[in-house]
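Protein sequences, first through last, are from chains E and F.
Take 47 as the starting number for the first sequence in my numbering and just add one per residue.
Take 2 as the starting number for the second sequence in my numbering and just add one per residue.
Watch out, some of these pointers could steer you wrong.
[Unchecked claim] Here are the simulated DMTMM-like cross-link-like pairs (lysine to aspartate or glutamate), alpha carbons at most 20 Å apart as the crow flies:
(1) F:LYS77 x E:GLU116
(2) E:LYS205 x F:ASP85
(3) F:LYS47 x F:GLU32
Don't read these hints as lab results, they were simulated from the structure.
Source: prediction; values computed, not measured.
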Amino acid sequence: MGTGEWIACRSCDQLLHVPVLKTSERADCPTCGQVLSRGRPDSIQRTLALSLSAIILYGVTQSTTFMTFELQGRTQEAKIITGILELFADGKLPLASLILVTAVVAPFCWTAALLYASLPLTFKVVPPGIVSVLRWCQIAQDWSMLEVLMLAVIVTYVKLATLAHLGFGPGAMALIPLLLALTAAGDSFERAVFWRRLEQLRQ
Amino acid sequence: MSTNLRAIHVELASCEVCEALVRFKEPAPGETCLCPRCEFPVELRKPNSIARTWALVLAAFVMYIPANLFAMMVIKQGGQSESDNILGGVITMLNAGWYPVAILIFIASITVPLAKLVSLTGLLISVHLKSHWNPRERAVLYRVVEVIGRWSMLDVFVLMLLIGLVQLGNLMTIEVGRAGTYFAAVVVLTILAARSFDPRLVWDALEDET
Ligand SMILES: [Zn+2]
Ligand SMILES: [Zn+2]
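Same shape as in the complex, but just chain E (with noise of 0.2 Å):
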């Protein structure tokens, strides 16, 4: 420790030594411009901060009215899972189960992962199941889209604004502030810094 280590390319396998890295330093694999390693000193303590924030955030979205329609006299209000919840109930399986997953089942997943890694660790304790929760952790990201769902919703907005009265309840206000949590928690969670710690606590 210090002095960096040692790591394979995982997008060409050439062996690199990497050093510790300054506060947004950044290296890059010579051979195939791989990013390697992101300087994140105070991964722990930033990823803590913002995985809180994110999950308060997270609860707002999607427990409260996302967007509202207005057809004639007649409003319809929906949640993120409003939509879902027709669709399993007309049968689409497959398709309702994708949707479950990747904007609510594995948004949370990921932040609940990160807060669950980042707070015990922050205070130097290491929490049981440690290592499955980084590992699970991993997928529930990529499987995490939400930036997605935000570009859906302007989408939607333009395709129904000419047919009806279209609102945005405080879900869809509160998606804007989590995606940016969670891009920053994204960002600073450096996974072998949260390795490297657990491996020295453990010692």
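With chain E held as given, fit chain F with the ligands onto it using these hints.
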């Protein structure tokens, strides 16, 4: 700092979970080599990468056809029912003058999955042919494929929002058509295909003939 050594030459494996360098010993049948730091199995290369990626890419190509042929969205309004497949939806939006949205949906739903499948096919063929052509560019291509995949969910999310919002009984109802399931399959299969391809194979092929 770097060397000209690649990890595989000195029997070192990179742990996919925690990035640790692990001394790789060929495990006895039925056993696995475990990473000392995170205790997950490590391999020198993703197992059966080529065959698995081919299978997923071909399956996705097959699903791509009904996903584009069948109706994606069904609008029921005043006793009438109107259905559009993905391309039909794009054309409807173009006729309505919503050019940016039409282009966005066209790129996300039609171009992105196809570009991903064509790129992966190209990468697979280049590995088969042990191509020496621009490995660095192919590495970039693979990273692009990994990043853009998720955006093909755009149309699916729009559909989900529309279905949640527009349930006004006889007045107007929106339902998902037959293409929905196939489209979901394309999205999942292309993401899994991109993940099962091992980009290090591109570089392994460079060494085979020297
Ligand atoms: Zn590299
Ligand atoms: Zn490991």
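Tested hints:
For the given pair, LYS77 of chain F sits about 17 Å from GLU116 of chain E by alpha-carbon distance, which is consistent with the 20 Å threshold. For the suggested pair LYS205 of chain E and ASP85 of chain F, the alpha carbons sit about 14 Å apart, so the restraint of at most 20 Å is met. Of the supplied pair hints, the one linking LYS47 of chain F and GLU32 of chain F holds, its CA atoms being roughly 16 Å apart against a limit of 20 Å.
Comparing the model with each numbered hint stated earlier shows that all of them hold.
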